[in-house]
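All chains should be built: construct the whole structure from the sequences, respecting the hints.
The number in our numbering is simply the position in the sequence shown, starting from 1, with 175 added.
I should point out that these hints are in silico values taken from the structure, not numbers from a laboratory. Keep in mind that this is a model prediction, so the values were computed, not measured. Backbone N, C-alpha and C define an ideal beta-carbon position, used for all residues, glycine too. Zero decoy hints are in this set.
Beta-carbon label-pair distances, calculated as ranges: (1) Lys223 with Asn268: 17 to 25 Å; (2) Met282 with Ser239: 13 to 21 Å; (3) Glu241 with Gly337: 38 to 46 Å; (4) Arg329 with Leu288: 35 to 43 Å; (5) Leu243 with Pro310: 20 to 28 Å.
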Amino acid sequence: MKFLLTLFLMTLSVPVQTHILSFLPFSFPLDLVLIVTYYFGYFHGKVKGMTVGAYLGILTDVLSGEHLGVQMFLKALIGYFSAVFGLGIFSRNVMIHFVLLVVFSLMNGFLNLFLIYLFVGDIPLQGALRGMVLPSTLWNALVGSLCLFLVQKRAWIRQQEGSSDKG
176 MKFLLTLFLM TLSVPVQTHI LSFLPFSFPL DLVLIVTYYF GYFHGKVKGM
226 TVGAYLGILT DVLSGEHLGV QMFLKALIGY FSAVFGLGIF SRNVMIHFVL
276 LVVFSLMNGF LNLFLIYLFV GDIPLQGALR GMVLPSTLWN ALVGSLCLFL
326 VQKRAWIRQQ EGSSDKG
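Now the structure itself:
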């Protein structure tokens, strides 16, 4: 049951990102798929990180109408690298997650622009950086760090409740 709930919530992040967030009047470029992929890679390892990234990336490609496979490749790459960093520097410090989310968001943005350039051709690089990559990086790092902080806080509270029940 836990697996199905996790799969449902992961899958739900794609239509929320591609349809709901894009229609808000104060639309901001938040990449929920990147945050979910980062979480799974960092805390669950390379295989789950890459699998979740590829699954959510291909769903994003299909639902957003972009070039098929671009987001799948990028998100699988992010799932893998977040697992590599997760094994090397496991930390409960929110700033570490903030910095890693900035790095992965920038990596995602630059690789996305590069792949768009390969497929489409000439793109206004400066406008894309200011209008898409940098705001998305900021929002991903802020929202992702806040979510990870809340998950860790909830786990800590549950651990405290469990230890007080035994004592």
